[in-house]
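Novice: Top line first, the protein sequences correspond to chains A and B.
Going left to right, the first sequence walks through residues 1 to 462 as the numbering used here numbers them.
Going left to right, the second sequence walks through residues 1 to 220 as the numbering used here numbers them.
Mixed in with the good hints there might be a few duds.
EDC-like cross-link-like pairs, simulated, lysine to aspartate or glutamate; straight-line CA separation at most 20 Å [as the list claims (entries may be wrong)]: (1) Lys278/A - Asp206/B; (2) Lys300/A - Glu13/B; (3) Lys278/A - Glu106/B; (4) Lys189/A - Asp233/A; (5) Lys278/A - Asp27/B.
No lab work stands behind these hints, which were simulated from the structure alone.
The structure displayed is predicted, hence computed values, not measured ones.
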Amino acid sequence: MKLRSKILCIAIAVILAALLVGDVIIGAFWYNTMRREALLTSTQEMYYTVSSINEHKDSREWLNLYYKRAKDDYSICYKVSPEIDEIYNHTSLDFEKLMSFDYEDASKNDYAVHTVANGRLSYAYMKDGNRSYLVSRFEFVSTGGIICFKLTDISYIKSDMIKRISFMLIVSISITFLSSLIINLIIKKVFKPLDKLNAQAKQMADGVYDKRIIVDTKDEIGQLAENFNLMADAVETRTESLKKSEQDKTLMMGNLTHELRTPMTAISGYSELLLTAKLSEEDREEALMYINSECKRLEKLSTKMVKLLSVDNEADISLSKVSAKDLFDITGKAMASKLNEADIELEACQNGESFMVDFDLMTEVLINLTDNAIKASPKGSKIILRAADNRIEVEDFGKGIPAEEREKILEPFYMVDKSRSRKSGGAGLGLALVTTILKKHSCVLDIESEVGKGTRMILQFV
Amino acid sequence: MSKARILIVEDEEAIANMIAMNLKVSDYDTRIYNDGKEAAEGIYSDHAFDLAVLDVMLPGLDGFALLDIVKKYNIPVIFLTAKDDIASKVLGLKGGAEDYIVKPFEMLELMVRIEKVLERFQKNNHIISVAGLEIDKEKHTVSRNGKAIELKPMEFELLCVLAQNKNVAISREKLLSMVWGTDFYGETRTVDVHIGQLRKKLDLHDNIKTVSKLGYRLEE
């Protein structure tokens, strides 16, 4: 069962129950009030009738007269002493029957408004078929044994009650019906954002993450929707980044296979040639040389890959305060032979700056960047290592990087100048390694470059 | 017999030299370019090639662009590339290439395909001379010093394969599939028997070498 139907049912049940209880209470109250009023009227009338009797000597005659004049169908009067003598009786009830009722003393409860000095006022209820009566009885104490009865028909109270209650029931039911309509409308309005939320969640389950719910209410449902949107944001970014990393991995795997394939083809081709063909000594040597160099290339590739993966997997790096001088010195030493070979001067500019870095990893970064700079630089030029407040720069005056290549060079295995890089023994993993290490340092790599003028790699510490 | 001259354009120096070395063993002349642009410029002045083996992804100028230039000089082209998608294959073959081989490739396959293309263009001499023998593939005859030698058809086919892949060892299995066809469920013994016949009939005991674990090689 839907929540809205549940709420509607519960609301209808509660309203109906409340109205019915109200009806019963009101009905009971009415019933009691009407009965009390009937009793009051009856006893008062009785009182007024009999209270004057004392003043007349011949009370019997007076009574006779009175009752005759009243022509009251329900008035009865008996003289009981010395013997029972019916003075007046308009009813079919005899004295025995009248006396057999269970009378209650009216003076004991609130109904006896007037104190009666010369007698006792009491009352009883009587049922006769469908009709019910109130019997009021007055016993004269002083006027020797006169008992007066008065019957009041109170059947109207019951029929009146039935009428009123049935009317109230009709009213209650119509109120319930109307209110259920209104409640339904309200629920619909309240549930509308929930419906949207529901549809949205379903869409999200199907993989649509880019839609958001527009909710203008500030209530709990509004908050829920808002939080749902926040969750959708989080899910979207998370899936995007997962997708991105997945794509990166696939791309890297593809590139890696490609990078592996070429040396493998060469190695297997040359070795097969050596095995099967009758080659001249010169060709044999050449083939062996190629096998050797391609093996070295594979070795280099695997070393770099291992390094890249290990840095990537390492959860924490040990940061320590390292001076720029130390970093530059060790980079210079490591690159000395390559610099010599290319006839390039390495200039280190620093003023005692220090950085919170992992010494080994940051050295790796600088060596890689310097290596790239050497590859790009012409003979006889120079490379500058520069330290500033919270940045380290590696600047060369080589051929520069075209703008459209600037994003791609960070991808694993990407090489701007394929044949040249291969000849100089690159695998295209250097900058990928650099970016991975820098990410661990929460350091950003900025590239400023102009084709033909040079490149400035800026390590910006955040 | 004039040697066929083959143009190789391939950016991987190791692979290019490997192809060249293989072709050299089979008595072809080669010329290697590692760069598309250089190749295009080179062809302008030197275009006496019988066939071109082109890579697609090349620095300077890609293989498809190079194809148009090479076609101008009526040189048949075989593409040798890592690009294995249908679109590239269609583009290459529709562009006028004779064949399209996807890397990684078997050297022997490349050699056979080169031969077939050369045969189609009749640039390959149909007379092969090896070890003092003259083999006429069209007339199906073998002669030594002008004297014809009678050979059974399968023996002749086997001799052709060995002669065309002179100085290269070919395994028994490969010979079986190349001469008798892939449908032939024979034993490698069949090859041994036929080799024996060739050695005897043509007096090639020294020239047809048994290379241990590999197969047979016909040497000059």
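Novice: Now, for every hint given, state plainly whether the structure supports it.
Specialist: These are the hints, each one checked on the structure:
no.: 1; hint: Lys278/A - Asp206/B; in the structure: 14 Å, holds
no.: 2; hint: Lys300/A - Glu13/B; in the structure: 18 Å, holds
no.: 3; hint: Lys278/A - Glu106/B; in the structure: 18 Å, holds
no.: 4; hint: Lys189/A - Asp233/A; in the structure: 26 Å, violated
no.: 5; hint: Lys278/A - Asp27/B; in the structure: 12 Å, holds
Hint 4 alone, counting from the list given before, is not met by this structure.
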